[in-house]
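Trainee: Residues per chain are reported as follows:
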Amino acid sequence: MRISVFASKEFAAAILALKAMDRDIAKETRKALKSVTDGQWREAVRGRVETALETRVLSDTARVAVSDQNITLKSAAVGRALSGGLKPSELAHSAEFGADRDFVRTVAARGKTGKPYDRFTRRQFRPRNLKGRVVYPAAAKVIPRFAALFVQTVVRTTHEAFEKGA
Amino acid sequence: MAKGISIGIGSDTKAFLAGIKSGVIAPLEDAEDTLKKLGDAGDRAGDKIENSVDGAESSLKSLGDSGERAAKDIEKSADDADSSLKKLGDSGKRAGEDLEDSMRGYQQETKDSDRVFREFSDTVRTESRDAARNLKTNFKEGTDGAKEGLSEFKDEANSTAKESAASFDGSAESIVGSFQEIAANAFSGFGPAGAAAGLAAAAGIGVVTSVITQQIDDSEELKAALSGAYRAAAEAGRAYLDEAEVISQVNDVLFDEDQARSKEALKNANALGVTRIEYLRAMAGDQDALNNLIGIATKKEAEGNAEREKAYEAGGRRNYVVSQEDQLISGILGKLETQKSLQSDLTQRANESLAVAGANTEEARKLTSTLAQIPRDISVTAKVQADTSAFDRTVAAIKRGGIDIPVSLRVLESFGRKTP
Chain A
1 MRISVFASKE FAAAILALKA MDRDIAKETR KALKSVTDGQ WREAVRGRVE
51 TALETRVLSD TARVAVSDQN ITLKSAAVGR ALSGGLKPSE LAHSAEFGAD
101 RDFVRTVAAR GKTGKPYDRF TRRQFRPRNL KGRVVYPAAA KVIPRFAALF
151 VQTVVRTTHE AFEKGA
Chain B
1 MAKGISIGIG SDTKAFLAGI KSGVIAPLED AEDTLKKLGD AGDRAGDKIE
51 NSVDGAESSL KSLGDSGERA AKDIEKSADD ADSSLKKLGD SGKRAGEDLE
101 DSMRGYQQET KDSDRVFREF SDTVRTESRD AARNLKTNFK EGTDGAKEGL
151 SEFKDEANST AKESAASFDG SAESIVGSFQ EIAANAFSGF GPAGAAAGLA
201 AAAGIGVVTS VITQQIDDSE ELKAALSGAY RAAAEAGRAY LDEAEVISQV
251 NDVLFDEDQA RSKEALKNAN ALGVTRIEYL RAMAGDQDAL NNLIGIATKK
301 EAEGNAEREK AYEAGGRRNY VVSQEDQLIS GILGKLETQK SLQSDLTQRA
351 NESLAVAGAN TEEARKLTST LAQIPRDISV TAKVQADTSA FDRTVAAIKR
401 GGIDIPVSLR VLESFGRKTP
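Chains A and B are the protein sequences, given in the same order.
Okay, so the first sequence: first residue is 1 according to my numbering, each after it adds one.
Okay, so the second sequence: first residue is 1 according to my numbering, each after it adds one.
It should be emphasised that the hints constitute simulated quantities derived from the structure, not laboratory data.
Check before you lean on any hint, since a few could be wrong.
[Claimed, not checked] Here are the simulated lysine-lysine pairs, DSBU-like style, with alpha carbons at most 35 angstroms apart:
#, chain 1, residue 1, chain 2, residue 2
1, B, 300, B, 223
2, A, 27, B, 300
3, B, 14, B, 223
4, A, 87, B, 263
5, A, 131, B, 14
Based on the provided sequences and hints, a complete structural model is requested.
Mentor: As structure tokens, this is what we get:
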């Protein structure tokens with residue numbers, strides 16, 4: 001799914017070119033890349049959510065970070081605690097990969113008779129899926145496109161900067 | 001581990017850059033091969049790119065008329081790349097050969113590229129000159145033994161800059177060579193536009209290598225700005241920055257969209273108990289402000305040391321604590337001193353440049369350095385020509401002991417007391 005720099009000469013060249021560029025031009029390039037990719041990434045994630053929990057945890061927190069050597073697709077790295085008290089970053093793994101729904105936990109609360117209670121504490125998540133349900137499929141979909149965009153934008157910017165004699 | 005989910009679209013980027021930096025990776029020994037493969041229409045790599053180009057194109061179209069300039073640019077580039085891919089059979093092979101040749105080939109192909117080529121060689125000339133200068137500094141700082149290599153490199157840079165970018169280095173570090181190769185060659189796959197871009201990147205790389213190998217940090221930006229300002233000053237016949245230049249440097253930081261530097265300046269200024277402007281001035285080439293701040297920081301550090309000594313005597317080792325503030329102060333002091341040495345280095349360079357420029361700037365220098373000694377809160381003493389003979393006569397008369405001054409008195413009623 002991810003593209004190794006060692007396998008893609010184009011990617012490697014783009015990285016080196018961004019490193020070599022005038023800092024201001026590189027900055028503009030990153031900005032332009034981010035303005036395009038950020039919206040598309042959010043859309044891609046939102047298109048794959050199925051529950052309210054996933055929306056809050058994975059989709060509402062989808063962001064893109066563009067650096068000189070990579071575009072990083074992020075989710076659940078931002079945000080405050082949800083109503084249940086957990087932050088998106090703490091829920092992200094279960095929301096993305098699901099959980100063991102049949103897990104039973106004996107809770108500390110006891111009834112009048114002193115009888116311990118069992119609860120399902122993971123029923124709100126979907127069943128396990130090691131390939132991921134929302135973010136990872138979305139990433140797999142957009143990565144080739146973003147990579148092409150990355151390389152082309154860098155090539156184009158370099159070319160334009162060069163034509164202007166900068 | 002990163003918080004949340006974080007997926008980089010490229011992998012091994014760190015390993016790649018680290019490998020190049022340490023020289024373990026000699027990236028494109030097979031660059032020519034790669035290009036030939038790219039040129040082959042049925043090749044997997046070529047297909048892959050074409051596919052991805054198509055994908056990007058259509059996705060960009062789906063962006064619709066959002067009117068965003070960035071999107072349009074990219075679409076244009078996608079089109080360019082797409083059409084040049086169709087020509088890859090030709091241009092790919094050609095690009096695999098000497099880059100200069102390929103450049104000339106394109107020159108014949110398109111009417112435009114004549115202009116492009118001329119502009120390009122101008123760029124390369126300037127940039128390789130810059131590169132030569134940078135490397136000169138590096139070599140100086142490095143070893144004395146590199147002197148020979150330096151002159152070799154300079155000659156080579158001068159002569160080959162006129163020929164082509166890809167070969168303008170040769171004698172410097174092998175890393176530079178491989179960088180140029182990978183950048184210049186890998187871009188060629190994108191046709192004329194790509195070849196030009198690759199050459200530009202290759203030309204810039206001489207300058208950049210030192211940056212990469214030194215590990216980029218924030219002060220690099222500041223350094224560049226400062227040395228640019230000193231250069232302008234030297235060209236104006238001065239070996240220091242004037243008020244306007246200092247202000248413009250300060251403004252660069254204040255109005256930078258990325259407020260990190262500004263914030264750091266505020267933090268450091270607070271630690272020293274000065275205003276942010278004062279601190280920024282010191283970092284922007286104002287010698288007086290810098291010396292002043294170094295004085296303050298040294299004093300603060302000494303105070304901290306004294307306090308610790310006292311605490312140690314009173315309560316033993318356990319009380320000998322280096323507080324965060326102390327650490328910050330000594331950090332700032334270190335920064336200020338680095339800045340000072342940078343400035344004196346730049347001043348020296350500016351002086352050398354002035355010496356090169358010749359004696360006719362000598363006068364200008366004297367005048368400007370006199371001006372520089374005028375303190376900032378200016379007080380002006382002006383001489384006035386005036387006829388003072390009458391005044392002098394009066395003074396002389398007073399000194400003699402007697403003078404008649406006609407006095408007329410009038411008591412004013414407005415003081416509230418009625419005259420009798």
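Trainee: Does each hint fit the structure? Answer for all of them.
Mentor: Going down the list of hints, with the structure as the test:
With a C-alpha separation of about 26 angstroms, the suggested pairing of residue 300 of chain B with residue 223 of chain B holds against the 35 angstroms cut-off. Restraint check for residue 27 of chain A and residue 300 of chain B: the C-alpha separation of about 38 angstroms exceeds 35 angstroms, so the hint is violated. A distance of roughly 25 angstroms separates the Cα atoms of residue 14 of chain B and residue 223 of chain B; the hinted pair therefore holds under the 35 angstroms criterion. In summary, the hint linking residue 87 of chain A to residue 263 of chain B is supported, as the alpha carbons are separated by about 29 angstroms, within the 35 angstroms threshold.
Proposed proximity of residue 131 of chain A and residue 14 of chain B is supported: the alpha carbons are some 25 angstroms apart, at most 35 angstroms.
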